[in-house]
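Trainee: So the protein sequences, as listed, match chains A and B.
Under full-length UniProt numbering, the first residue of the first sequence is numbered 1, with each subsequent residue one higher.
Under full-length UniProt numbering, the first residue of the second sequence is numbered 1, with each subsequent residue one higher.
Hints are computed from structural coordinates only; laboratory data are not their basis.
Careful, some of the hints might be misleading.
Identical copies carry no separate label here, and so any pair may be met within one copy or between two of them.
[Claimed, not checked] Here are the simulated lysine-lysine pairs, DSSO-like style, with alpha carbons at most 30 Å apart: (1) Lys54 x Lys436; (2) Lys54 x Lys3; (3) Lys75 x Lys3; (4) Lys463 x Lys257; (5) Lys218 x Lys257; (6) Lys75 x Lys100; (7) Lys100 x Lys189; (8) Lys229 x Lys100.
2 protein chains.
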Amino acid sequence: MEKPSIPQGTRDFGPAQVARRQHIFGVIRRTFEQFGYAPIETPTLENLSVLTGKYGDEGDQLLFKVLNSGNFLVKERRGEITPLVTADDLAQGPRAVLPKIAEKGLRYDLTVPFARYVAMNRATLTFPFKRYQMQPVWRADRPQRGRYREFWQCDADVVGTDSLLCEAEIVLMMAQVLNGLGLVDFTIKINHRGVLRNIYQALGGEGKETDLFVAIDKLDKIGRDGVTKELLEKGFSDAAIDTLFELLTVSGGYARKLQRLLAGFVTAGVEPDGQRPGPDEPTDEADDSEDAYYRGLNELAAVRDLLQASGFTQFNRLEFDPTLARGLSYYTGCIFEVKINNVAMGSVSGGGRYDNLTGAFGLPDVSGVGFSFGVDRLYDCLEELDLFPAGTGTLTRVLLAQFDAASLAAGLPLLAQLRAAGVPAELYPDAAKLKKQFQYADQKGIPYLLLAGPDERAAGQVKLRDMRAGQEQLLSVAEAVAVLSQAQ
Amino acid sequence: MEKPSIPQGTRDFGPAQVARRQHIFGVIRRTFEQFGYAPIETPTLENLSVLTGKYGDEGDQLLFKVLNSGNFLVKERRGEITPLVTADDLAQGPRAVLPKIAEKGLRYDLTVPFARYVAMNRATLTFPFKRYQMQPVWRADRPQRGRYREFWQCDADVVGTDSLLCEAEIVLMMAQVLNGLGLVDFTIKINHRGVLRNIYQALGGEGKETDLFVAIDKLDKIGRDGVTKELLEKGFSDAAIDTLFELLTVSGGYARKLQRLLAGFVTAGVEPDGQRPGPDEPTDEADDSEDAYYRGLNELAAVRDLLQASGFTQFNRLEFDPTLARGLSYYTGCIFEVKINNVAMGSVSGGGRYDNLTGAFGLPDVSGVGFSFGVDRLYDCLEELDLFPAGTGTLTRVLLAQFDAASLAAGLPLLAQLRAAGVPAELYPDAAKLKKQFQYADQKGIPYLLLAGPDERAAGQVKLRDMRAGQEQLLSVAEAVAVLSQAQ
């Protein structure tokens, strides 16, 4: 017989792991709900027509595709059977065969299904629509540490408003979840696609905006030299690259960086993004950044003001990082990314604003902003930092021992009474040696053992053993129920 | 542009539906946990070697299979590429092609993955092992009312004990969940594979046991005439069929039916299953059924006694039904099925004891018993009977209106204060017309609207509107927070 196994990159979760995961989901859920987000769920299977082309070529490769059911090799119509896949198709390879045998795939993220949901339900939804979603996604990636083929995302998005309050609340939610989990040493990085575009303009480049963003996105991994090399290959000049790093490496706090980039954009002659309201007067640019109307800088300043007005105090954990680019091309406004400091782990959360997420599904010009937590990465961080509450995952508070017919007869009504009082309780199912029942309670982490032997029964009492303290006390049934109800 | 859609037999769940589903999951989860069951989760993807052959030929057909990732048509080894699928395979059909292009499938139920889990983790689990599992499963069935291709099961099983206490507790859990959901008019049917085997023996048939069970299983659907016809075709005699219906249609309550079947088996000369303990004395069979030792009847009597000792009172909802067969052949002891009366819906729960569930995975002779709730059927019953608590799924208690910069500035700290007090709250993200914000609160079912206009701010007050009652009151901020915290 073959030994049973599970597919590469997937996991079983035992009781202790489920309890730890529920702890994470619980903190995230309560935060999302406190901010007015309501849950939706979408199917595991989506039509490939919905998924394909939304995640780039690499994403299309990593989609898990599901074989059409029944005889997937033929088409049957009014009793007439036509082959679907030909030897020619086989020779042409998977691209020719795939569309004929698979029309469904597994959910790859929660954003595209959400966009599809909004487009399909536009008539009945109330906008602005705030939803959260906590479900697994699947990617046929090469499994490695912190990367699984089945993993869980928790997303919150709001569509139908371009209010920057939403951006500010994303920062508040990120901080609340991380503080709630005890992951207090975090950095929330924020940037704006407009800032990146202005930087591109400051370089005087043409037609190579994506190349620039792609290169900046790798700065963390390949460093300044690597980025320089890549940009030179893409045709950027030495002078442009110098300007780039001058802008990317501005120093100071959030406000100071905004000021310095503003000065840099003005110096480089970058055309402002917005029109000035009122008379067109020259102003002291060092004094008032609002006059320049570079959208990215202005929105980043506004988000900071909203956070301040909301009583946010952890500005030491919020970093304006002009090098943050995030790969996904659909972002158009603020972008976010969260790192847990002193843990070797990629970002545990990220997101941003998009102006046209639902356009692919026939609903254009719906602005939205959202973000996502990676539950499995949070789990690994909490484990590495030993931040999980203790526990084996067992919820049973008390085990009633069974050693003979009389103990069973005495135990059954007591068991019912305990459960009715809301105390999760078990009666050992067999009349076994007490040692075995002790071991059972011990290994499962059940905190109390309850015995009703002949002496106790004669006295109308039970013996309650505190498994951790190793202490026993004789109590009336009512007393025992009271102790166990309070002990929770 | 193609209109986006979701695959046949799958569903999106909006906020109201998620809330209703969570209500069901919550009642089931609390019950399972009160009875000492701990949660596990298994992957969505299982190896086809684990799934195939476990659900019969029809089940194998209904498994969703997942295409191998990458170029699924070739095998690459040390740079050498060999075609996997040949034109010959195509000609032979899907059975020849499938094993070469798909090695994974979607979870079809929760029982086989559980058995696989127990076999894989036997060394570290504490037995008896009690687990529950609440996850979706997928079947490529033809969708129809109450039957989906993605649907949810909630299973509880215990393995490693043959104690009938587990059977009794299944009845207790079934009743507790249904009562908890308000589905009070239910019938829990119970039978025993041993009873069916004894009936088969009473008929004197040979080698046609499965034919008999399959036919009995259809009694509900095809009636006595249909079953008679089927059995005649399978070679059963008229006399045997008469005996069958005599036994199947014994009347009376639970205990009376046990007695009458016992008498029937004795009359028909069925060999008892067990040995008598003590001296072999003739007894009055109407007096004491325990002497005959037909395992099925005895265990059913014992389950009833355990229920009585546990204080179970709903014996009018528990029916011993000798015609209950349940298709799955792995059951070996008690079997269960639950119907909601006066609702046109198949069974909402079922289960039974199996003596060798993990045998297929190299762990023989592990006795277990378990049962399953079909969440989607419970949902449909609750909907049909209008038993869901009211609600739109929104958890937000209060919407803070925004009409100008000052209302935003006043609203932000108040918003933070409300959330810190545990009140889910939203500030309308844009400065919009009040009418629009009213509509937003109304459509989402947010119970309170909070306004802080110039007059209120000047007086250090806020206006709190009860959306359902249509009443407004002027309160201090502290009073408003107190009202909203209590209103939950």
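Trainee: Now tell me if each hint is right for this structure.
Mentor: Right, here's what the structure says about each hint:
Proximity of Lys54 and Lys436 under a CA criterion of 30 Å is satisfied in neither setting, with 57 Å inside one chain copy and 34 Å between copies. In the homo-oligomer, the alpha carbons of Lys54 and Lys3 lie at most 30 Å apart only across protomers (16 Å), although the nearest pairing inside one protomer, at 39 Å, exceeds that limit. In the homo-oligomer, the alpha carbons of Lys75 and Lys3 lie at most 30 Å apart only across protomers (24 Å), although the nearest pairing inside one protomer, at 37 Å, exceeds that limit. Taking the shortest alpha-carbon separations for Lys463 and Lys257, neither the intra-copy value of 68 Å nor the inter-copy value of 41 Å comes in at or below 30 Å.
In the homo-oligomer, the alpha carbons of Lys218 and Lys257 lie at most 30 Å apart inside one protomer (21 Å), although the nearest pairing across protomers, at 76 Å, exceeds that limit. Within a single copy, Lys75 and Lys100 get their C-alpha atoms as close as 10 Å, and across copies as close as 21 Å, so both meet the 30 Å cut-off. When the C-alpha separation of Lys100 and Lys189 is checked against a cutoff of 30 Å, the pair qualifies neither within a copy, at 44 Å, nor between copies, at 46 Å. Proximity of Lys229 to Lys100 under the C-alpha cut-off of 30 Å is found in neither arrangement, the shortest distances being 43 Å within a copy and 44 Å between copies.
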